[in-house]
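Enquirer: Given only the sequences and the hints, what does the whole structure look like? Please build it.
Each chain, letter by letter, is given below.
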Amino acid sequence: MLAYIINLVTLISINAVLAITLNFIMGYAGIFSMAHAVFFGVGAYTAAYFALNVSASFFLAVPVAMLAAAVLSLVLALPALRVRGEYFVAASLGLQVLGVTIFSEWKGFTGGLGGLIGIPPVEFFGYGLSSNTQYMVLALACLLLVVLVTTVLLRSSFGRNLKAIRDSESAAHAFGKNVATIKTLSVAISAALTAVAGALYAFYLGFINVESFMLDTSVLLMAMVIIGGTGTLLGPIVGAMLLMLLPSLFSYMWFLPATEIGSIQQIAYGAAMILLMIYRPGGLVGASKKQVAK
Amino acid sequence: MLLLQLLINGVQVGALYALIAVGFSLIFGSTKVFHFAHGATFTIAAYIFYYLYSVSEAHWILAVLAATAGAVAFGVFMDRCIYAPIQRHEGSFFTVFVASLGAGIIVQNLVGMIFGRGFVSVTTPLSRSIELLPGLYVAPLSGIAILCAIVFFGALQIFLMRTNVGMGLRALSENPELVRVYGLSPRRLSTIVFALGSLLVIPAAIITAASSGLNPAIAHHIMLISLAATIVGGVGSLRGAACAGLLLGMSENLALMYLGPQWSEAVTFIVLFLFILFRPSGFFGRAIAS
Amino acid sequence: MIAMKKVLAVGLLSFAAGASAVHAADVTIGALFPLSGPNASYGDVFGSGVNLAAEHINADNLINGKLTVQYEDSQALPQQGLIGMNKLVNVAKVPYVLSAFTGVSKAISTTAARTKTVAVNGGGVGPDLADLGPYFWNVIPLANDEVRAMLPYLVKERNMKRFVLVYVDDPLGEGVRKELNSTLPGVGGELVEALSVPATAQQFSGIAARVRAANPDVIYIASYGSQQSQIMKQFRDNGITQQFVSYTAFSIPETNALPEAKGALYTSQNIDWNSSDPVTKRFVDDYKARHNKMPTAYVANYYNAVRLFGLLAQELDKQGKPITGENLLAQRIAMKTFDLVGGKVTFTENGTVISPMQINEIDGAGGKVAAVVKE
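Quick mapping for you: the protein sequence lines, in order, are chains P, W and C. So in the numbering used here, the last one in the first sequence is 426, and the numbering has no gaps at all. So in the numbering used here, the last one in the second sequence is 713, and the numbering has no gaps at all. So in the numbering used here, the last one in the third sequence is 359, and the numbering has no gaps at all.
Please note: incorrect hints may appear among the correct ones.
Chain W is faced by these chain C residues, among others (derived, beta-carbon under 7 Å) [to be verified]:
{"hint": "1", "residue": "22"}
{"hint": "2", "residue": "24"}
{"hint": "3", "residue": "181"}
{"hint": "4", "residue": "182"}
{"hint": "5", "residue": "189"}
{"hint": "6", "residue": "190"}
{"hint": "7", "residue": "193"}
{"hint": "8", "residue": "213"}
{"hint": "9", "residue": "226"}
{"hint": "10", "residue": "238"}
Pairs of lysine-lysine, BS3-like flavour, derived with a Cα cap of 27 Å [stated by the list, open to error]:
{"hint": "11", "chain 1": "C", "residue 1": "162", "chain 2": "P", "residue 2": "239"}
{"hint": "12", "chain 1": "C", "residue 1": "272", "chain 2": "C", "residue 2": "352"}
{"hint": "13", "chain 1": "C", "residue 1": "302", "chain 2": "C", "residue 2": "320"}
{"hint": "14", "chain 1": "W", "residue 1": "455", "chain 2": "P", "residue 2": "295"}
In short, the hints are calculated from the structure, not lab data. The beta-carbon is built from N, C-alpha and C at its ideal position, and this holds for glycine as well.
Expert: Okay, structure coming up:
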């Protein structure tokens, strides 16, 4: 039982990092990206490729993955600079579909549809992590790190600039803030931290394929952020925990037919999204609708 | 001959895409609501038609009417019971979009639970191609699709240009506040738009059920096409959405001349992405303030 | 289908009820199937074979204690599969897990190797499934064997020489393509064109045009699930009248019910449904009585996977050894050949099986066997 919980905690931590980084651009910069799974994938594939061909050292594979994701995030930043709202959602959707196609076709790097298997365990100074407990500690440590980094950033002037842009881009521009640079930086930071989760995922599972990085994953991550609460620090973590535990919770409800559990669980979070938007747009952790600023 | 065949395929597929996109473009352009659940409307209509026509073996007219009723009911329900409460207190693009997304997820799973998650299709001799010229195959269903597209689009134009309600809808997309000043109710007009937009999915839903077939996840694909066509064509322009739908259908097929099939879907999105980067207002849309 | 769900639900109910009062002697094995999501119908098919086998084992008292199967939902996705596998290995402590879908199998193979739990595949046929370690077994012949069995028959018996391959570019499709390229020239055939389709594609009219332009005699389809039905329907709609050919994936009910699939040929492990061999006969008779239809290849494969466990466990019980993954592996290597549905099946060194194949034809009425191919 303990080992089962350790496994769940590891996966929840990884998903929490993803939710936090998505919240960073969604809740604070107002950039509604439906392509988050693509950066998750870039991080995972880069780390895996690096580990398989060069070195499995944590201090080499992870920064390389972060760099790759940050550079690629410029592709997402471009439309973010040009358009907002619906248009940006469409562009990010396009990027997501494109990303999946590339992941599926670029056999040399991603292994194509077959994926990459036999990814070596991540190494710290030559010592390879082997037990699930060690991976859980690593995942929690990374989660803590990401929370720290995002908190520091948000409390700084960079964070204030981000919120200014979210609330009114033209006003921020009028005040002399370099909107383009700030937006690009925030997308790059978010992508780099997402890649950390990707690398962790690849090392932990030892196998990755495109099925983990499709549109459904992006939608699930968005649901985590929304249900937990955008624009809060605790929200994404709560959302990640809730949505990851839902399947297990439902499977213990013996009165539900096993074949429909997956559907029922999706219906549950779809309904949660609707109800929250009507009554509590700030999400579970966020402000109730009366407190939400107009 | 391959080129000609792909061109004709492109027009067939494009006509369907145009029909699908126009409904979404109408709703989005008039009410500014990002009706992501439009794909769900399509799914509901298609499955009702499939169930009544193929499984219960009802007369096709009855199936069409039931599908229409279902689609319109769903569209109006979304407007009245979900978008309206949200718009009353906050109505930012984000909250509406998320609620729509949630609705889409629910419908997809309910449909899967009720009708099964596998692939289903309506069998009809109309989907079989006839060899018009050696190497050139066209199905009667494609002819019907193109005809429907022309008829529906024409009817829509007349409605919007000539009738009072139509003019009210056009006014709504320009300036909702001013509409109120003139004594019309934006709320009522909004409901009409949703009903109309949802109705427009019917021909595409039925033809898709008979040609490529259905599965509960089809809403994703529909939504992506509608979105791409609406933006490429220009938000607020129905003509644009129709042309863009046609263009996307053709580019998807013509790409097969030179690229492998695995890149067809990607081509559509590269086109969309480029438009958003360089010409977000699309073909015919108004220039948007950044 | 509905009956199947009821059986699964009732089964799960009783397992859940019994789980709180498990006897020390009871033996549990795990099953990691897609119980929900787009591939849930496969989970139903596989589960029906598994349940029947468990029943037979219990009826025969083949092992000490009652055999129960714990199902976990993989949704056919790697991450979900891993969570389910963890639950089976760490909470239910099973020594033997039935797996399905290549992505899931690959994701759980490291856990299987590390915890010395046996994982058995009875559905996927990709060549990459042979390389997942000694604890990963396959009770179904893999793709190369399937293709190799089909080609001589088509070229010689049906006089079809020009092949076009429509495939999903994963290791299975890639394996089929390699096999066609290497084997066809030798038997007098030719692979005229190979068209890769994305796994999520739903529109095939354009590809149909390209297939027509290549003018083949026969079209090999390497896809699965709903997509293979969509391909056949749209190809027929677009004027393609040639022969369709595929591998075991065509055995699913959804494809057999498709009118446009009539006449299609596909390979599967040779199982003579009318055989008088007692194991096969009992399987077929009981399945027919329970489900009112004939079983198919996938049902038999997963029945065999469970029966294999029963046979191995029986031997271990006789020798007084505990039923662990390690012991099961050693026992399998020692015994090598087993009496399963369809006849005797022999395991090779790397945990795959060799068996004669048969060529089936879809006729809209339950299918028939067109030919049997002995290696």
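Enquirer: Quick one, are residue 272 of chain C and residue 352 of chain C close enough, alpha carbons at most 27 Å?
Expert: With Cα atoms ~16 Å apart, residue 272 of chain C and residue 352 of chain C stay inside 27 Å; holds.
Enquirer: Let's test the interface hint: is any C-beta of chain W closer than 7 Å to that of residue 238 of chain C?
Expert: 5 Å, holds
Enquirer: Would the pair residue 455 of chain W and residue 295 of chain P pass a check requiring their Cα atoms to be no farther apart than 27 Å?
Expert: 24 Å, holds
Enquirer: Using the nearest Cβ pair, does residue 193 of chain C come within less than 7 Å of chain W?
Expert: OK, holds: residue 193 of chain C within 7 Å of chain W, min 4 Å.
Enquirer: A closest beta-carbon separation below 7 Å is what the hint needs, so does residue 22 of chain C meet it against chain W?
Expert: 5 Å, holds
Enquirer: Measuring from the C-beta of residue 189 of chain C to each C-beta in chain W, is the shortest one below 7 Å?
Expert: Interface hint status for residue 189 of chain C: holds (5 Å vs cutoff 7 Å).
Enquirer: Under the criterion of a CB-CB separation shorter than 7 Å, is residue 182 of chain C in contact with chain W as hinted?
Expert: At about 5 Å, which falls below the 7 Å cut-off, the nearest Cβ of chain W leaves the hint on residue 182 of chain C intact, so it holds.
Enquirer: Next item in the hint list is residue 24 of chain C. Is there a CB on chain W closer than 7 Å to its CB?
Expert: This hint holds: residue 24 of chain C lies near chain W, its Cβ roughly 6 Å from the closest one there, short of 7 Å.
Enquirer: With a cut-off of 7 Å, does the beta carbon of residue 190 of chain C approach a beta carbon of chain W closely enough for the hint to hold?
Expert: 4 Å, holds
Enquirer: Check the hint pairing residue 162 of chain C with residue 239 of chain P against an upper bound of 27 Å on the C-alpha distance.
Expert: The given pair, whose Cα atoms are some 16 Å apart, holds under the 27 Å limit.
Enquirer: Quick one, are residue 302 of chain C and residue 320 of chain C close enough, alpha carbons at most 27 Å?
Expert: Holds, at roughly 18 Å.
Enquirer: Does the interface hint hold: is residue 181 of chain C within less than 7 Å of chain W, judged Cβ to Cβ?
Expert: This interface hint holds because 5 Å falls under the 7 Å limit.
Violated hints amount to a single one, hint 9; each of the other numbered hints is respected by the structure.
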